[in-house]
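Protein chains: 2
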Amino acid sequence: MNQDYIQANTWSIIEEGFDKDRVESSESLFSLGNGAMGQRANFEEDYSGSTFQGSYIAGVYYPDKTRVGWWKNGYPEYFAKVLNAPNWIGIQVFVNSEALDLNTCKKVISFRRELNMKEGWYKRSFQAILSNEVEVAVTVTRFLSLDLDEVGAIKYEVVVLNDDAEVKMIPYLDSGIKNRDSNWDDKFWNTTDVSYENNRAFIEAHTMKTNFATCTFMQAEAASEGASITISKSEKSETKASLEFVHDLKKGEKMALVKFGGYTTSRYHKATDLVKAANNALDEATKIGFEGLLEKQKQAWADIWWMSDISINGDIKAQQGIRFNIFQLNQTYLGKDSRLNIGPKGFTGEKYGGSTYWDTEAYCLPFYMATKDQTVAWNLLKYRYNHLEKAIENAQKLGFKNGAALYPMVTMNGEECHNEWEITFEEIHRNGAIAFAIFNYYRFTGDYSYIPEMGLEVLIGIARFWHQRANYSENKEKYVILGVTGPNEYENNVNNNWYTNYLAKWCIDYTLEELEKVKEGYPEDYDRIIGLTKLSASETEQWQEVADNLYFPYSEKHTVYLQQDGFLDKELITVDKLPKTERPINQKWSWDRILRSPYIKQADVLQGFYFFEDHFSTEELKRHFDFYEPFTVHESSLSPCVHSIQAAKLGRMQQAYEFYLRTSRLDLDDYNKEVEEGLHITSMAGTWMSIVEGFGGMRVIDDKLNFTPQIPEEWDSYSFKINFRNRIIKVTVTKKGSNYELAGNEEMSIRVNGERVVLLPGKTVEA
Amino acid sequence: MNQDYIQANTWSIIEEGFDKDRVESSESLFSLGNGAMGQRANFEEDYSGSTFQGSYIAGVYYPDKTRVGWWKNGYPEYFAKVLNAPNWIGIQVFVNSEALDLNTCKKVISFRRELNMKEGWYKRSFQAILSNEVEVAVTVTRFLSLDLDEVGAIKYEVVVLNDDAEVKMIPYLDSGIKNRDSNWDDKFWNTTDVSYENNRAFIEAHTMKTNFATCTFMQAEAASEGASITISKSEKSETKASLEFVHDLKKGEKMALVKFGGYTTSRYHKATDLVKAANNALDEATKIGFEGLLEKQKQAWADIWWMSDISINGDIKAQQGIRFNIFQLNQTYLGKDSRLNIGPKGFTGEKYGGSTYWDTEAYCLPFYMATKDQTVAWNLLKYRYNHLEKAIENAQKLGFKNGAALYPMVTMNGEECHNEWEITFEEIHRNGAIAFAIFNYYRFTGDYSYIPEMGLEVLIGIARFWHQRANYSENKEKYVILGVTGPNEYENNVNNNWYTNYLAKWCIDYTLEELEKVKEGYPEDYDRIIGLTKLSASETEQWQEVADNLYFPYSEKHTVYLQQDGFLDKELITVDKLPKTERPINQKWSWDRILRSPYIKQADVLQGFYFFEDHFSTEELKRHFDFYEPFTVHESSLSPCVHSIQAAKLGRMQQAYEFYLRTSRLDLDDYNKEVEEGLHITSMAGTWMSIVEGFGGMRVIDDKLNFTPQIPEEWDSYSFKINFRNRIIKVTVTKKGSNYELAGNEEMSIRVNGERVVLLPGKTVEA
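Taken in order, these protein sequences are the chains called A and B. First residue of the first sequence: -5, per the working numbering; consecutive thereafter. First residue of the second sequence: -5, per the working numbering; consecutive thereafter.
I should point out that these hints are in silico values taken from the structure, not numbers from a laboratory. Do not rely on the hints blindly, as some may be mistaken.
Since copy identity is lost for identical chains, a pair holds within one copy or between any two.
With a straight-line Cα cutoff of 27 Å, these simulated DSSO-like cross-link-like pairs (lysine-lysine) come out [to be verified]:
1) Lys345 x Lys59
2) Lys230 x Lys574
3) Lys470 x Lys715
4) Lys330 x Lys724
5) Lys227 x Lys162
6) Lys292 x Lys264
Use the sequences and the hints to build the structure in full.
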């Protein structure tokens, strides 16, 4: 743990007291998002201290020119970068002509932030004495509407406490913003028009190169003690529009400004209609009003929580952690638009160009499948189908042919956004996770339709890749896969990474199976797909030859699969023997030392045991867990969750709980010392898995929902809901046992600890 | 071959005709250097076309802030970059007020460049018609004096051919220059003073951060038809100083300007005395005069050629190639200053930060040992001794302790200048080449003194590194060296690279031997060194344990040592089966594909066979050559020479000759399509080795000089000189046999084809 200033609270994230050194961290932690746009918790008024400004529009990106030390053939020329968008939240505040600025004011008497996760709003309140001795109390409430997802709302209230004073508020729009993360200091935005009309203003700007047209808009109304204040001035410049409200407040009086703002973009409107669309959005927001919109916000979040909440009794920090994770996931992605995905930083920072890693398929899909309508997961799958053509192009660039597909390591639009050869070109297991997600979707939802409609084409591209990527070793008399990086990125360019090889074989076998199923069940789709892909029997025979003769490194001595060729040549000293001063090794050791060490960044062989649990006995899992976990440093945010699930399966609840805490409060407690850069969104889905699959033991086996519930010693009880094939089951686990409530009106049977349990609608069944 | 415009000529490099697309290439090929400074063949007069400006001062560098895509722990924060220095050559020329500019003039009627290697000067002559219809003939002669190595000289002559015209010449100095290669567009130079006095001008500027103080100076005199022309104007600005000469020429008359210029630096003078030193240099140059200095230049080059020339009869292109190589090596490094070294681009470009690679020890040392006074090689060894402390720091940064030394991959001042993890941290075999050079120096010169004085400390640091870098594999019951890059950089992060392991063992064994020898023969030095290094018996026992039990990958089936673990798992398709369209693979293939292929960039196992030839039988060499060469793509400039030597040893003279041509005319024919960036200086020493060690078969065995001369079919004869332990032997090889001339007045015996031959001074002995 690296910080401890967030107050423990079951439903809110709360910070008390002003600390300039925490501003950037809190800007991340108190971020807002509504799936369509996002906003770091930057102050509305001027702040001259250290701050990381961030406003984001989902799916609006810029292809920044790649920057590397030494160019390697095959690197993408450009990569899509998350963009800091024009600022719509800004409100300059002057008190007797002095700018309100918490960095320079005489004293901050009190300061409080609350992110109310239950209701989806963020409130900041403070009292401060300005240099001119005026003391003010400020309360700001802000939310990004889930109902009108182009609109955000701010209520900015100022009370002068110790004297009469003139207060001036200047709500503004600003498109003269910059990215912190920019390779060549290019200009990302081109502003084409700035205008205002009555109490509204608009900035039209488009992104360079990608040419996403946007209109950033606002509307402001101010009032004091019930009387509205008229605009005293409207101004505009090349990249800025502002309105001015001035009012003389008597001591103790309040001035309140309500600002609606946000973005309309060419992603959803005609580029020529953006101001009109903005006016429509503002009309709608005005009609509902700030309070009405806030009420709707509370209701919308209540609906989300009704389905996706996990409640934990007896452990406030654990409760806060999981809710923070679920809240952020829902702020980031709501599954409405299949062109969007779940960025590793969501709407909380710029780090990592692009938005989609294999995290989506390996870690996020289960959460969205179980807590949302099925279309959300479908949209996540469709996203990859839409990128198939670019994945084929990407593979061609690397020398593959004949429709082989290699999905990018990270992407925004299907193109690769990564440029470290050992990852970009070699961390190819990502292809397998995409195939696994197709399997997993069908396993969980029972909906086969994606496979004949889209999935089979994706699978064929992936199977082709693996077939071509393997080569025959005369020496081993087996097919081998050379020069890869596994999920454990602390090994680069290794041969026969077991996880990668296992996935490769599985992908081919699975694709061949699905080809047969589609041929039988969906002959028209089959013909269409064979026609499209020109897949021949001789090609699939070659696939089979590779899959049947793939090499898997194994140690007879340790009776474990080896992470890769040569793993046993390392100096096998377990992590517990490493001095604390040398941890984390990614900050303390040079890269070569990390590479030749046995230390594992995140589950690698064990990731395979997680995906393909049913291929191995618990005894085998135990052997591999006991062999690999002691070498694992868990320096990836994605590591603890898988280990938590497996520790729980092995009945090691104390260890499972420790892993859980680490994943669930990763950002709140800033374990990785980087929360100011943004949150770790995708690993938050892993936290959800830790509880539901780990402690709850949820599995789908032979079309049936299974649970093997356990509970950490520290907890009194916990409960969660699962949407399993449109049936909602609420699971509650206590120290004594577990119970199940089924919504709807048909009974269904599940298995608890291997025993069949029949659930009756509306009844709580103990098991 | 990528270009064919350089005329075949035994002593000169000649270009005829003006082609704007060749300007940058020729700027590299016609570069001048005198060991202390260098100058690309940029035009003196303005040129608005595409040009790569380069003036260089030996040892003056700038620590540019590192730029990488993704930072890896252990990377150097800064690295020394070759600096484009203030321009001293510039002369603006106006004819009837129109600027002479070959890019914009109406017509270039003729254009010729000659780099006279025999005499060390560069001449450019052209006739051109300006837009104002005046036709001029221009001849420019330029050289960098070997005698006054702070001084360069230019004679710039203009004749107006078709009419009377006013000619204005403005010789200038300019410190407002930029590097083409700059990571962050930092300002590299800070100009502190610009001044002029009569016909001289001075710019004082120092490098940022490194604070090398320099004075760039010039002196100009102009005359026409015997009458001197007075200065009409002197000007200066913040970074520029200029003098102006104007004269009305009648049709057919000539105006000539002689400019001396160059640099004095704080590397050789007090920083406050630079203008004074510049005046002294100019006084000296003026005293000798342009023609006198040119005469001295011819004599100085005659002296160099007397010793280092290789003459080839019957093959002009081969002759031109080897002389170009020898010329450039002598332009780059003359061994006067042990703080200097041989940069891979010499004074011909900016590419590669830093100047010193393992190329110096592995490829350049033999040339300098055999063609120069012994002190030159001594200075090259001393350079590394001077950097020992920094090599120890570098190793510490990577986690090594106790005085282990890792020399940088490339350096200017002992600090690492490289930042690709797979090279910087893993291409550690470079350490071995430094130890080998110590061994090689003693073997060739018979001078043991370096070892007790300096070398043993270097060897101890290196042995310590290898001891710590190896780890014990329980699995193999041997010590292994994991995660390295060998000389074949088309493999990264491999385990047990045979060459690296072999060098590691040899380094330890050799260091232990030398420890014994120094202990016996130089007890005082021994005590000093043991005291300094705190080397204990238990430590050397541990070294021995590692050296005695190091693992060497070997194939019983192929009876060859394997380049690395797992080499035989590759798809072993030989290079001749690769389509031409896929070559060179480093331009056609993505990096991962190169890595998993069997293709070898340059000698790797065979580099070990080159260094340690006497450890292996010719039959073993043949087996390894026949196994590895067919997989070798020779895409490093350092590859052909080693293979040429080995092919010659195996009696495959046709193959040896083809390798020779490729190495000797690499830049003249631009095989690598990059000559505009600068020349490949270090591989030029490899060309010399191809003839002397390859065709001539020169070896030192048991303190005796040996030859096994052969001659390529294409040649009538060739001859070279060797300085062996201060005895100069001239070797001439013809189709019929070989003969030897010994200078001096004592006889000596050598071996030719294994037979003892006694050489008598002044006599030509046939063998």
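### Message
Could you work out which of the previously given hints the structure breaks and list their numbers from low to high?
### Response
Result: hints 2, 3, 6 break, sorted rising.
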